[in-house]
Structures are given as structure tokens and as C-alpha cells.
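Since each chain sits alone in its own frame, please combine them into the complex, following the hints.
For reference, the chains in residue letters:
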Amino acid sequence: MATQTPNARAEARRAEKEAQRRAESKRQRLIYGGVGLVVLLIIVVVAVATVGETDDRLRLSDVAGSPQIEGDTLPPIPEGGEDPAIGMTAPVLDGADFDGNPITVGERAQVVSFVASWCPACDAELPEVVAWQEAGGPPEGVDLVLVSTNMDDSRNNWPPQEWMADAGYTGDVLVDDVNSSAFQTYGLQATPSWVVINDEGEVVFRASGMIDPAQFDQLGELAATG
Amino acid sequence: MIAVAERTFGLLALVAMGVALFTAGVLLRGRVPGWLRDDVALPLATAIAATATGGSLLLSEVAGYLPCALCWYQRIAMYPLVLVVGIAAVRGDREVWRTAVPLSVVGGAISIWHILIEQNPGWGGPCDDAAPCTILWVEEFGFLTLPTMALIAFTAIGLLTFAARTR
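Note that the protein sequences, when read in sequence, are chains X and A.
The numbering used here puts the first sequence at residues 1 to 226.
The numbering used here puts the second sequence at residues 1001 to 1167.
So that you can see chain A by itself, here it is in the shape it has in the complex (with noise of 0.2 Å):
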């Protein structure tokens, strides 16, 4: 079960890095397309929120994935982007991005260092049964671990906040 649930992580991630490649294409391009500005970009960024917020939590308290102390800056970054974006969707606040985008920032960032740590273990010290963040806990399709898939979901949630912002 659990391994089955790793497997469907991954493949979220991989369709939100192509949600997160296609509104950046859009950004850049400077033509948001209506349907994701009014419709799509604040729902879509809610559910990914709420997936990785749900994804894990399911890891760490069924599957028994003990969170290191990077995991719990993301998740300080993450969580309440579930209720501060889901809020803005339900009532159509176009500029929520200034309230996501840092925290986006913020927890993209803390993804990338605890990337760097897993990709050099050295850095991370010793492992400590305890929890230590050089631990590979996931690792789908040979890149996807628990770091990769919530840069991937920062990333995605912050381009599509500022997709949906107020023209």
C-alpha cells in the first residue's frame, strides 16, 4: 500500500513539474490563457498544497517516515499554504500570490538544501536513526525524493498564484 502510494506521489509530481513547466512557459510568454488565470491556477495550486500536505503526512505517520528537521521547514512552508491558497480560491482573491509566492520561496529554498545534502551525504553528518536528512526515504523513477517532490510543489503552487494575479 504504501509503496503504491509512493508511486502515485511520483507520478503527481511529475504531472505538477509539467503544471509548474507550462505556467512558467505562460509567465514568461506574458500570455496568461483565461481558463488558468480564472479557473484552474488557484484550485489546481490548492490541491497540490493539500496533496502534499496530505502525501506527508500519510509517510510520516502511516508508513512511519520519520520527518528530519529540514522536512519540518517545509512542512512549517507547506501546510498553510493548504488554507491560505484554498481560501483565496473559494473567494476568487486574485492576490493571494503575495502571501504564497514568499512561502513558496521560502520552502523551495529549504528544498533545495536538503537536495544538495541528500545528493552529498557527507554535508549531513553521521546518520542518526533518529531522523538524519541524508536518509533516501522515496525515490521514484530514479530522482523523485520527498525534497525533489516539494520543490517541484512550491514551485508549481508559487508560479500558478502568480498566474492567477490581478492584470
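Only chain X is shown next, with the shape it has when bound in the complex (with noise of 0.2 Å):
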């Protein structure tokens, strides 16, 4: 009969309590697993429980205008120096708002700015532009027109009408194409761009990103006598 020396059972004892602690330890992680996929189920049940239907919203091609465009695209806007487009004649679109009223842009003394929804700077911009607009906005025979583009009805502040609406802003808006068509024939990478054109529907201004409000002044004087 095989006898164990004291080191030994010891040895035997210690490795028994690893063993133990090994398989205590294994026992508890799956314990845990367990409660954290039922935490996990939890979670999604909850959340396709509070997640609305969302089948009823307006789609993309529910709210995107067909502008007619006359006129040669525009250059892009040159990251410094001169812009190419200044003097040159605004492509003329001829569309409508949300409400399917006829509006033109490119034809008479206009501020536009080229707005998208889903785009943080336009939403930073749009009150500015409202509370301008309250102010008095550009000078007699100046318009001021929105060009909704870039639409996605994918992203946030969708749809583009009641942003608009909930930003206070009532004047005249052109509703772009499903493929931005306007947006890329007045030559512009991103949003907001700003086009000031003179009345005799010339460009005599253009820029790319949110412009400071005390500005706005000079796009109306702009329009009215560039």
C-alpha cells in the first residue's frame, strides 16, 4: 500500500483547492453570463417595445421637388482666391415649395442658402436666419429663398417642412430633386452655401458654411446693387 509523505498531502490538498477554486470560479462566470444575457434580453424587449412605428413617415421621394434647370453648371467653390462663378449667370431653377407653389431661383435679386435638415451647422444657422427674416430680412426686391437639398429620410430632423416649421422659418423654400440636382448645378460640396445673385441673375456671391448673422445685411445690400 502506496503511503503519501506530508509534503506530498499537502501538495494533494493544495491542488484539490485549486481545483475547487477553479471550478467555484468557472461555476460563478457562468452565473454571470447568464444573468447578463438575461439583462441583454431585457434590454432589446424593452426596446422594441418603446421604438414607435415608424412605417408611416414621410419617405424621401414623398417630399423631393422636380426642378426644372436652365443654365450652365457652376464651378466648384475654390477652397481660396477667386471664385470663378462670381459674374457669371445663375442656372435658373424652376420648381416649388412643399406645398407644390411655384418658386424660381436664379431669375431676380436673391439671398439663397442651401440648406440640409439632417445638417448640424443649418440647424445652428436656421434661427439666425428666421430672426433675420423677422428683423426685416433683405432689402425691397430681395428675396430670401431656402433650397431644401441633400434630403435623407434616413436622418435626423426629417422631414425637412416641419424643421423648417419648428424653426419658425415662413418664407419661400425650393424643394431639390431626389439627387440634390440643384445643389450640384449651383456648384456646391456642403451645406449650408450661401448664393447671393444681383437682379440681373448674375452670381456675385458664394460660400460654403454657416456665415455670422451680422452679415446678413451685406448679402441683402449684395443682391440689391452687385
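What the hints contain is simulated information worked out from the structure, not anything from laboratory work.
Nothing here was measured: the structure is a model prediction, and the numbers come from that model.
Glycine residues also receive a C-beta, built at the ideal position from the N, C-alpha and C atoms.
Pulled a few chain X residues facing chain A out of the computed Cβ check, cut under 10 Å:
(1) 32
(2) 47
(3) 50
(4) 51
(5) 119
(6) 154
Label pairs and their calculated CB-CB ranges:
(7) 15(X) with 1069(A): 48 to 58 Å
(8) 1024(A) with 13(X): 36 to 46 Å
(9) 82(X) with 1139(A): 39 to 49 Å
(10) 1001(A) with 15(X): 45 to 55 Å
(11) 1024(A) with 218(X): 48 to 58 Å
(12) 214(X) with 1119(A): 20 to 30 Å
(13) 1120(A) with 41(X): 37 to 47 Å
(14) 141(X) with 1062(A): 48 to 58 Å
(15) 1014(A) with 7(X): 52 to 62 Å
(16) 99(X) with 1139(A): 26 to 36 Å
(17) 24(X) with 1105(A): 30 to 40 Å
(18) 34(X) with 1099(A): 21 to 31 Å
If you want it as C-alpha cells, here you go:
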């Protein structure tokens, strides 16, 4: 009959304890994993229950317009230096607002802002535009027109007409088509973009990005005198 | 389906925030419970990293949300954490915090910058339709945007791996 030395017995006890500790740890981890899975399941159920039905929302094709475009496409706004589009004839956009009322861009003195409802910069600037409009807006003979472009029904602030209404904008809006053709024709790459057109239908100013509200009046004057 | 996924990620982020707050609390008190240190911290950190990674891939590859430059930088910090912390969890490597915490701090710092740009759209310049970092692809419960969720994940992972360190 084999006998164990005290050291071997101690070693065996240690090994047995370690095996028990590992088994206990494994059991604990399984329990924690199970708890985690239950929590995950509850979260998914809560998510399904709390997400509203969205099938009735407007789609891009319901909102997009179909403006007729006449004229040459403007070159892109350069990173720096002189804008080659200044003095060029603005493309004429013959379209409509969200309610189907006819709106034309490019034939008379206008300050035009190309905006996308999902664009945070546009979202930040729209209240400034509304404040300018409420304070009198551009001078007489100059129109302020927003072009709703780069529309995307999967992004936030959809649909754009609600976004504009929520901000209190009540002025003219031309709705771009699904391919943002008006935006492309004006040589723009980003929103918001500003285009100022004089009463001869010439481009007198273009800019990409937010504009200091203190300069809105200058845009109006430029359209009137440019 | 995407809306449910976004809500699920939002709820999971809230849970992760609770985990981070709890872990920060026990670390500050200097009393990390044995169950957290020995059995939960590393697997949970792995699960958070894996969820963040899977979520970002789902939202970009399935939902079609284009990741911006800052999103990519956060991905660079988050994706390796799945393997780094995951392997450490399997091997019981308590020193993984030496790798995971720096990655989490870098990723979290980028998340904070991304959140600031989201909150101040003027900082990010105009909205390039391709992938502006100012766009709010997801906004759950009024404050949980994608970089906010990423910041919560980085914080939780960093704290959990630190809590699992050798005493």
C-alpha cells in the first residue's frame, strides 16, 4: 500500500483546493454570464416595446421636388482665391415649395441658402436666418430663398418642412430633387452654402459654411447692388 | 430594425454608464469586491468592447451611417480592445490594464472632442454630405449620441480593467 509523505499530502490538498476554486470560479462566471444574457434579453424587449412604429413616415420620394434647371453648371467653390463663378449667369431653378407653390431661383435679386435638415450647421444657423427674416430680412426687391437639398429620410430632423416650421421659418423654399441637382448645378459641396444673385441673374457671391448673422444685411445689400 | 438596434445600444450604454459609475465608486473607496475583480471585470469589459465594435459595424455596414474621421479614430482605439481584453479575460491576465487603459484614455479623449464638435456645429465647418463629424446619426434619450456611447464604453472598459489589476 502506497503511503504519501506530509509534503505530498499538502501538495494534493493544495491542488484539490485550487481545482475547487477554479470550478467555483467557472460556476460563478456561468452565473454572471447567464445574468448578463437575461439583462440583454430584457433590454432588447424594452427596445422593441419602446420604439415607435415608423412605417407611416414620409419618404424622400414623397418630399423631393423636381425643379427644372436651365443654364450652365457653376464651377466648384475654390478653397481659396477668387471664385470663378462670380459674374456668371446663375442657373435658373424653376421648382416648387413643399406645398407645390411655384418658386424660381436665379432670375432676380435673391439671397439663397442651400440647407439640409440633418446638417447640424444648418440647424444652428436656421434660427439666425429666422431672426433676420423677422427683423426685416433683405432689402426691398431682394428675396430670401432656402433650397432644401441633400435630403435624407433616414437622418434626423426629417422631414425638412417640419424642421423649418419648428424653427419658425415662413419664407420661400425651393425643394431640390432626390439627386440634389440644384445643389450640384450651383457647384456646391457642403451645407449650408450661400449664393447671392443680383437682379440681372448673375452670381455675385458664394460661400460654404455658416455665415456670421451680422453679415446677413451685407448679403442683402450685395444682391440689391451687386 | 435599425431603430430597435439604436434603442438597444442606447439602453446598453445606460447600463455601461451604471457599470462605470459603480466601478469608479469602488475604486475610489479602495474596496473592489472579489467577484468584480476576479470573475466579472475582464469578461464584462470584453463584452462592452465587443458590443461597441459590433454596434459600430452594424450601423455603418447595415444601416449605412458613414463613419467620419473622428469615428475612425475611435474605432482604431476600440476594435483592438476586443482581442486585447478578451484574451486577457481568458488567460486571467490582470495586467491588461497597462494596455487597455491607455487605449481607453486615447479613445475617450477623441470621443470628448467629437462630442464637443457635435454640440458646436460651427467648429466642424460646413456639412460635407460624405461624412460630417457634426451629424447626429443617433440620439437616444436626448443625449446618447454615438461618440457619447463610445465615451461611456471607453470609460467602463478602462475602469473595469483597472479594477481587475493585481493587488
